[in-house]
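So the chains spell out like this:
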Amino acid sequence: MTQIFGHFIDRQDADGEYLKLGFSPTSMPIQQRWRKNGLSADFLADYLSAFFPGEDTASAERQAEIKGAVSYIANELLENAMKFSYAPAQHAISLAMYLEPDAISLYVTNSVDPQALAAFQQAIQCLLTANPHDLYLERLLRNAEAGNGDASGVGILTMLNDYGATIAWKFAPVALEAEVMTVTTMVRVPV
Amino acid sequence: MEITHEDYQVRYDAGTATVICQGSFRLRGPEEYAPILDLLTQAAAAKPARLTLDLRQLRFLNSSGINTLSRFVLLVRQLNASQMVIQGNRQFGWQQKSLPNFPRLLPGLQLEIV
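Chains A and B, in that order, give the protein sequences. Numbering-wise (this note's numbering), the first sequence opens with residue 1 and increments by one. Numbering-wise (this note's numbering), the second sequence opens with residue 1 and increments by one.
Just so you know, these hints were derived from the structure itself, not from any lab. Mixed in with the good hints, there may be bad ones.
As the list claims (entries may be wrong) - Just a sample of chain B residues kept apart from chain A, beta carbon distances all over 12 Å, derived:
{"hint": "1", "residue": "4"}
{"hint": "2", "residue": "12"}
{"hint": "3", "residue": "20"}
{"hint": "4", "residue": "46"}
{"hint": "5", "residue": "47"}
{"hint": "6", "residue": "54"}
{"hint": "7", "residue": "80"}
{"hint": "8", "residue": "82"}
{"hint": "9", "residue": "85"}
{"hint": "10", "residue": "93"}
{"hint": "11", "residue": "111"}
Unchecked claim - In silico DSS-like cross-links for lysine-lysine, where the CA-CA straight-line distance does not exceed 30 Å:
{"hint": "12", "chain 1": "B", "residue 1": "97", "chain 2": "A", "residue 2": "170"}
{"hint": "13", "chain 1": "B", "residue 1": "97", "chain 2": "A", "residue 2": "20"}
{"hint": "14", "chain 1": "A", "residue 1": "36", "chain 2": "B", "residue 2": "97"}
{"hint": "15", "chain 1": "A", "residue 1": "20", "chain 2": "A", "residue 2": "170"}
{"hint": "16", "chain 1": "A", "residue 1": "20", "chain 2": "A", "residue 2": "36"}
{"hint": "17", "chain 1": "B", "residue 1": "47", "chain 2": "A", "residue 2": "83"}
{"hint": "18", "chain 1": "A", "residue 1": "83", "chain 2": "A", "residue 2": "170"}
{"hint": "19", "chain 1": "B", "residue 1": "47", "chain 2": "B", "residue 2": "97"}
{"hint": "20", "chain 1": "A", "residue 1": "36", "chain 2": "A", "residue 2": "170"}
{"hint": "21", "chain 1": "A", "residue 1": "36", "chain 2": "A", "residue 2": "83"}
{"hint": "22", "chain 1": "A", "residue 1": "20", "chain 2": "A", "residue 2": "83"}
The C-beta atom is built at its ideal place from N, Cα and C for all residues, glycine as well.
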């Protein structure tokens, strides 16, 4: 069964300009795989720069802003996908970027630990109904007080709060009648 | 105090009471950020009258890093002994987007993005 949270926009590969990266399941230690997040995110951001030439000061600033946003958001999405993927499912992580005249959309798909699914969906509901501005500060204060430095949620909240992003989620079974689900996180940033 | 890694460097200059962060912070979670947080904590604990966090050469910071710097800012607030200044660089997109949150955690914090 497919479940949607937020305003999720489904994509077909024929939809205009896009770039897609896939990361196959691997036994490589996470420390090594982690490095690929930054490389991939920066690659997408650099690739995108070609579509927003920085010929004068104003457009150079716009280019830097868009590049910074994609680099940050793609990295966060990949970090989350790597942290929360359900390893036994042996499911690949994919990252796709779609360019539109007024927005850039990033889609990251990964498997979800069945044990963590309910709590994850509850956290999403909370994000969709709360004020991101208040929730962001509250989360930083709580993390500091807890003293454990767990930053979970801060990445998504910065996207909403600092980058004005729209975020939606789609859950679907990894395969027909499979119990394990995948989640596709869509982040759309106006440009 | 200094931490040097192939991707980043963090240094506390006691003479000027300045913590200088350079490179890219893409570390994985609180355990990996612990040495950086220790250095920041020591800088705050020194209680200089004016404490500067120089981020002008910090190209990238992930959310775990934002969390770490927030803890530092909140610690300075708690100690209530230093005027805090954060120096940023508008060339790096994340700084213009996310640094303005820090004065919200510590009213009176001076943010200088050039």
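Next on the checklist: If you test the structure against every hint from before, which numbers come out violated?
Outcome noted: 10 and 17
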